[in-house]
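Residue numbers (the working numbering), protein chains in the order written: chain V, 1 to 102; chain P, 1001 to 1143.
What the hints contain is simulated information worked out from the structure, not anything from laboratory work. Accuracy of the hints is not assured; some may be wrong.
[Unchecked claim] When the alpha-carbon atoms are kept at most 25 Å apart in a straight line, the in silico BS3-like pairs for lysine-lysine are as follows: (1) V:Lys19 - P:Lys1035; (2) V:Lys19 - P:Lys1045; (3) P:Lys1045 - P:Lys1035.
[Stated by the list, open to error] Computed footprint of chain P on chain V; a stretch qualifies when at least three of its residues, placed anywhere within it, have a C-beta under 8 Å from a C-beta of chain P: (4) 24 to 34; (5) 38 to 44.
Glycine included, every Cβ here is placed at the ideal spot set by N, Cα and C.
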Amino acid sequence: MRVPFNVPLEKAKVAMLPKFNGDLPVARINYFAIFELCTQLFEQVAVEALGVELNPVTGIVGDGLVMLDMFLGHLGENSRDDRKRRRLLSISKRGSGEGILF
Amino acid sequence: MHEGLSPCSGIGTVTMLLHFYNAIRQLDPSTQGVKLLDQLCQVFKDPLFLGTLPTENFSSHFHRVWELTSALNQIQISRAQCHSRNQSHRTKALLGKSLHGFPCLGLLVYLAIKPRMTFGLTSILAKMLDDIPQSSLVTWRPK
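Okay, chain V solo, but in the shape it has when bound (with noise of 0.2 Å):
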């Protein structure tokens, strides 16, 4: 049986059209703006937590996202009960004004 070319098209359109126009449309997102804000967020968590400088032949990302891993190791670390729980929540609330992660 032949099907009419613009058949499998419209179902083509009918699936492809929320990714562009839907709640969530993924097809329209610049996952490279993304991507860059990550990496000089994780420049600037380096720099800040670190001391390291810039490099721009090695980069410094690395050092930032090995810390942070380090970091979320911490977290799971003391989040395992109660108690852990609410002291990991009272250092965070320490620092100057604002907490050491928000």
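Starting from the known structure of chain V, fit chain P onto it as the hints suggest.
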């Protein structure tokens, strides 16, 4: 789209940031959220969170996703992980130097007591978002 998704899911920076943000939100729900990161969590829920946002064991979830994406995109990720592993040693050395003899007190305590440290991710993010026009980041606005 796929060219842009590849570095996002592959290198690990977006994965790390979103997992870290989710961990903070899960541990302290009273923290003020960042709308953009909330939206990114929804956008990347399937590829970077494997369908559900983790509520515990955040580090292992992150490593599981990272290894999975590395299997999907072997060349790029193995290079990134090698780079990360090489830098891991250097970062730990830098941290050790910064801790000034506070052995294993924990990174959290270090961050809390360090005077000049205002490690508020929100403030860093706000600064970054000021630099980067929203229009160039995402070409849509939520309704």
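Verification of the supplied hints:
| no. | hint | in the structure |
| --- | --- | --- |
| 1 | V:Lys19 - P:Lys1035 | 21 Å, holds |
| 2 | V:Lys19 - P:Lys1045 | 15 Å, holds |
| 3 | P:Lys1045 - P:Lys1035 | 15 Å, holds |
| 4 | 24 to 34 | holds (count 11) |
| 5 | 38 to 44 | holds (count 6) |
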